[in-house]
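Engineer: Residues per chain, in single letters:
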Amino acid sequence: MSDLHSNTVAFVAGSQIPPSPPPAKDRGAVKWLRENMFSSVANGILTVIAALVIITAVPAILQWAFIDAVWSAGSLSECREIAAANGVEGAFACWAVINERFNQFLFGFYPNELLWRPVLAFVLMFVAMAPVLFRSLPKPMLWFSAAYPFLAYFLIWGGLGLEPVESSKIGGFLLALIIGVTGIVASLPFGVLLALGRKSDLFFIKTICVVFIEFIRGVPLITLLFVASSVLNYFFPPGTALDLILRVVIMATLFSSAYMAEVIRGGLAALPQGQYEAADSLGLDYWKSMRLIILPQALKISIPGIVNTFIGLFKDTTLVSVIGLLDPVGMITPIRADSNWNGLVWEFYVFVALFFFAFCFCMSRYSMYLEKKLKTDNH
Amino acid sequence: MTDATAAAAPTARSTMTVSDEVAIQISKMNKWYGEFHVLRDINLTVNRGERIVICGPSGSGKSTLIRCINRLEEHQAGKIVVDGTELTSDLKNIDTIRKEVGMCFQHFNLFPHLTILENCTLAPIWVRKTPRREAEETAMHFLEKVKIPDQAHKYPGQLSGGQQQRVAIARSLCMKPRIMLFDEPTSALDPEMIKEVLDTMISLAEEGMTMLCVTHEMGFARQVANRVIFMDQGQIVEQNEPEEFFLNPRSDRTKLFLSQILGH
Ligand SMILES: Nc1ncnc2c1ncn2[C@@H]1O[C@H](COP(=O)(O)OP(=O)(O)OP(=O)(O)O)[C@@H](O)[C@H]1O
Ligand SMILES: [Mg+2]
Numbered sequence: 001m002s003d004l005h006s007n008t009v010a011f012v013a014g015s016q017i018p019p020s021p022p023p024a025k026d027r028g029a030v031k032w033l034r035e036n037m038f039s040s041v042a043n044g045i046l047t048v049i050a051a052l053v054i055i056t057a058v059p060a061i062l063q064w065a066f067i068d069a070v071w072s073a074g075s076l077s078e079c080r081e082i083a084a085a086n087g088v089e090g091a092f093a094c095w096a097v098i099n100e101r102f103n104q105f106l107f108g109f110y111p112n113e114l115l116w117r118p119v120l121a122f123v124l125m126f127v128a129m130a131p132v133l134f135r136s137l138p139k140p141m142l143w144f145s146a147a148y149p150f151l152a153y154f155l156i157w158g159g160l161g162l163e164p165v166e167s168s169k170i171g172g173f174l175l176a177l178i179i180g181v182t183g184i185v186a187s188l189p190f191g192v193l194l195a196l197g198r199k200s201d202l203f204f205i206k207t208i209c210v211v212f213i214e215f216i217r218g219v220p221l222i223t224l225l226f227v228a229s230s231v232l233n234y235f236f237p238p239g240t241a242l243d244l245i246l247r248v249v250i251m252a253t254l255f256s257s258a259y260m261a262e263v264i265r266g267g268l269a270a271l272p273q274g275q276y277e278a279a280d281s282l283g284l285d286y287w288k289s290m291r292l293i294i295l296p297q298a299l300k301i302s303i304p305g306i307v308n309t310f311i312g313l314f315k316d317t318t319l320v321s322v323i324g325l326l327d328p329v330g331m332i333t334p335i336r337a338d339s340n341w342n343g344l345v346w347e348f349y350v351f352v353a354l355f356f357f358a359f360c361f362c363m364s365r366y367s368m369y370l371e372k373k374l375k376t377d378n379h
Numbered sequence: 380m381t382d383a384t385a386a387a388a389p390t391a392r393s394t395m396t397v398s399d400e401v402a403i404q405i406s407k408m409n410k411w412y413g414e415f416h417v418l419r420d421i422n423l424t425v426n427r428g429e430r431i432v433i434c435g436p437s438g439s440g441k442s443t444l445i446r447c448i449n450r451l452e453e454h455q456a457g458k459i460v461v462d463g464t465e466l467t468s469d470l471k472n473i474d475t476i477r478k479e480v481g482m483c484f485q486h487f488n489l490f491p492h493l494t495i496l497e498n499c500t501l502a503p504i505w506v507r508k509t510p511r512r513e514a515e516e517t518a519m520h521f522l523e524k525v526k527i528p529d530q531a532h533k534y535p536g537q538l539s540g541g542q543q544q545r546v547a548i549a550r551s552l553c554m555k556p557r558i559m560l561f562d563e564p565t566s567a568l569d570p571e572m573i574k575e576v577l578d579t580m581i582s583l584a585e586e587g588m589t590m591l592c593v594t595h596e597m598g599f600a601r602q603v604a605n606r607v608i609f610m611d612q613g614q615i616v617e618q619n620e621p622e623e624f625f626l627n628p629r630s631d632r633t634k635l636f637l638s639q640i641l642g643h
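These protein sequence lines are chains V and Y, in that order.
Per our numbering, the very first residue in the first sequence carries number 1; after that it's consecutive.
Per our numbering, the very first residue in the second sequence carries number 380; after that it's consecutive.
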């Protein structure tokens, strides 16, 4: 090669010079900062402002939430004394109230000696969810998942030898989870059916689905909850009144399945017509082609929207406080009314917010994991 | 198309036989899209073992015609009998016919969420109720035939277009169809992939499969077809043996079409 070149080309380097490192402004942290933080004057100004805000806010928040905070005390005034003794001036978090009312936040007025039951139900919930969420686990575990709703009902409400617990005693995060998880689990299949119904050729089914979806979506959840708490009773013969929690669960499920249906319809519409045709041409009937070909793909496309609806529903469970159920937010009112703790506000909402954030964040993470796992092209 | 395929034509075709048994009988079939009359008075009889190539200008109704045969489209008048079963709105008849008729599409339409092997075993398992083991063996047999057994555990998105189309053919064959429909199977492919798909189709023809193929691959038509059908404006304008069809086209429309398609 080089022989040939030396004859035809005037100058060819005899050896290769190793590449020099890029100049400092194009390297590592400096490069990253230049590209992401100071790419233009406006961007630079925003970066400086944001940095100032963070520098002032974060230490103050840390000071309030941790350094000056009081963790155990019997009342707000006791909290203040402890803080003053520690030389705290200004605002501080009195987490003692959360500490003292922890069980109420978790379980409402569930009898103390029976608390092991909802705790057990909570732990078993993860066992039941695991095989559904992670397909690599052994299939027979799904039998437990299928039995779990009955088991959980039995544990929480009692009966069959277990001491019964009234619905009015159930509250706090237990209530939020009952409504949220049941709503989430039930709204997905309902949503799928509604979405398929809306695309159906059968006029009657299609009309029902369209009317249902449009009506439920067009009405605020609060109205539905009021209907659940008052009006619904008129529709049942006297003496057969459904439990209030059950009625609320039904309403929440209907509400989110209407949203779910539209999300899934988007996924169905995104599938190329060819997938339907290929399934048809292979002789698959409607339900088989939906189950094996269409829905797996449509649901995969809809994952972000579905999880969005789940998260929305889970946070909307706090609305049940409006009809007098004692979910975590509803729980705050009676605690604040207690003269011992009168005057506290922030601590409650921060605590409740953190709880909801933790659950919603997990859902969001799981959906990202699932999307990645189901990606079947280019890897 | 090329000299090589044209020269090979008579020998390849002579090994294929056509029986007297009727596979598809279409009589006085008409179809409308709303006001638009797509198919007019189609009469077509296909015997078992026939290889028919359908060509014609874009929009002439070629796709619509073959899609009527497995009821991807519904016809409004006339009669279509496939393998002795008449196509009516009776779902049972449609299912029977779809089991016997395989179809390959221009854009392959593989199921992207399933592996190649799963694509091939899905219909046998769920429609024919074949045990999984057996379905997998059959699938591997056909994947070997289309020369991609080593890709069985990949996903369609990881294959080239030509490979995907061969998988699509294998997928149809796994249902052991008696008739195969092809709708422009090579027109979404690069030239070097066209050959591998056509080779697959040629070997299928040599085994005596009844085939209806919409294609503009005239080399393929010369080599394997025993009849070429020319369609225009929803009608069958002309049909003949390939030699006659290409050398002595009868109607002016056919001449014009052939001069356009063979001209460049
Ligand atoms: N769903 C539909 N609704 C209305 N018109 C349609 C529909 N599908 C096809 N057509 C029309 O019917 C005619 C025939 O379509 P067809 O797809 O059968 O043509 P083709 O011969 O296969 O053309 P190409 O070579 O472009 O594939 C075209 O004019 C097309 O516009
Ligand atoms: Mg076409």
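I should point out that these hints are in silico values taken from the structure, not numbers from a laboratory.
A virtual CB, placed ideally from N, CA and C, is assigned to each residue, including glycine.
Be a bit skeptical, because a hint or two may be false.
[Stated by the list, open to error] Below, a list of computed lysine to aspartate or glutamate pairs in the EDC-like style, where the Cα atoms sit at most 16 Å apart: (1) K288/V - E586/Y; (2) K526/Y - E575/Y; (3) K471/Y - E262/V; (4) K526/Y - D462/Y; (5) K533/Y - E513/Y; (6) K407/Y - E453/Y; (7) K478/Y - D280/V; (8) K471/Y - E371/V; (9) K478/Y - E262/V; (10) K478/Y - E277/V; (11) K206/V - E163/V; (12) K300/V - E214/V; (13) K555/Y - E575/Y; (14) K526/Y - E513/Y; (15) K555/Y - E622/Y; (16) K288/V - E497/Y; (17) K508/Y - E479/Y; (18) K508/Y - E277/V; (19) K574/Y - E563/Y; (20) K555/Y - E586/Y.
[Claimed, not checked] Covered stretches of chain Y (chain V as the covering partner; in silico rule of three or more C-beta atoms under 8 Å from a C-beta of chain V): (21) 433-441; (22) 595-607.
Engineer: Take the hints in turn and mark each one as holding or not.
Structural biologist: Checked hints:
Distance hint between K288/V and E586/Y is unfulfilled; the C-alpha atoms sit about 32 Å from each other, more than 16 Å. The straight-line distance between the Cα atoms of K526/Y and E575/Y is roughly 9 Å, inside the 16 Å bound, and the hint therefore holds. With a C-alpha separation of about 32 Å, the suggested pairing of K471/Y with E262/V is violated against the 16 Å cut-off. Restraint check: the Cα-Cα separation between K526/Y and D462/Y comes to about 30 Å, which exceeds 16 Å; the hinted pair is violated.
Simply put, K533/Y and E513/Y have alpha-carbon atoms about 20 Å apart, too far for the 16 Å limit, and the pair is violated. The suggested pairing of K407/Y with E453/Y holds, with an alpha-carbon distance near 14 Å, which does not exceed 16 Å. A distance of roughly 10 Å separates the Cα atoms of K478/Y and D280/V; the hinted pair therefore holds under the 16 Å criterion. At most 16 Å may separate the alpha-carbon atoms for a hinted pair to count; K471/Y and E371/V exceed this at roughly 38 Å.
Among the hinted pairs, K478/Y with E262/V is inconsistent with the structure: their alpha-carbon atoms are about 34 Å apart, more than 16 Å. As the CA atoms of K478/Y and E277/V are separated by approximately 14 Å, the hinted pair is consistent with the 16 Å bound. Between the alpha carbons of K206/V and E163/V the distance comes to roughly 46 Å, so the proposed pair goes past 16 Å and is violated. The straight-line distance between the Cα atoms of K300/V and E214/V is roughly 24 Å, outside the 16 Å bound, and the hint therefore fails.
Taken as a hint, the K555/Y and E575/Y pair is broken in the structure, with Cα atoms around 21 Å apart against an allowance of 16 Å. Simply put, K526/Y and E513/Y have alpha-carbon atoms about 20 Å apart, too far for the 16 Å limit, and the pair is violated. Note on K555/Y and E622/Y: the hinted pairing is violated, with a Cα-Cα distance of about 31 Å set against a maximum of 16 Å. The suggested pairing of K288/V with E497/Y holds, with an alpha-carbon distance near 15 Å, which does not exceed 16 Å.
Under the criterion of a C-alpha separation no larger than 16 Å, the hint pairing K508/Y with E479/Y is consistent with the structure, at around 15 Å. Restraint check: the Cα-Cα separation between K508/Y and E277/V comes to about 21 Å, which exceeds 16 Å; the hinted pair is violated. Distance hint between K574/Y and E563/Y is fulfilled; the C-alpha atoms sit about 14 Å from each other, no more than 16 Å. With a C-alpha separation of about 13 Å, the suggested pairing of K555/Y with E586/Y holds against the 16 Å cut-off.
Counting residues of the segment 433-441 of chain Y whose beta carbon lies closer than 8 Å to any beta carbon of chain V gives 0, which falls short of the minimum of three for the stated coverage. Against chain V, the segment 595-607 of chain Y contributes 0 residues with a C-beta closer than 8 Å to a partner C-beta. That does not satisfy the three-residue criterion, and the hint is violated.
Hint check: violations occur at hints 1, 3, 4, 5, 8, 9, 11, 12, 13, 14, 15, 18, 21 and 22; the rest are consistent with the structure.
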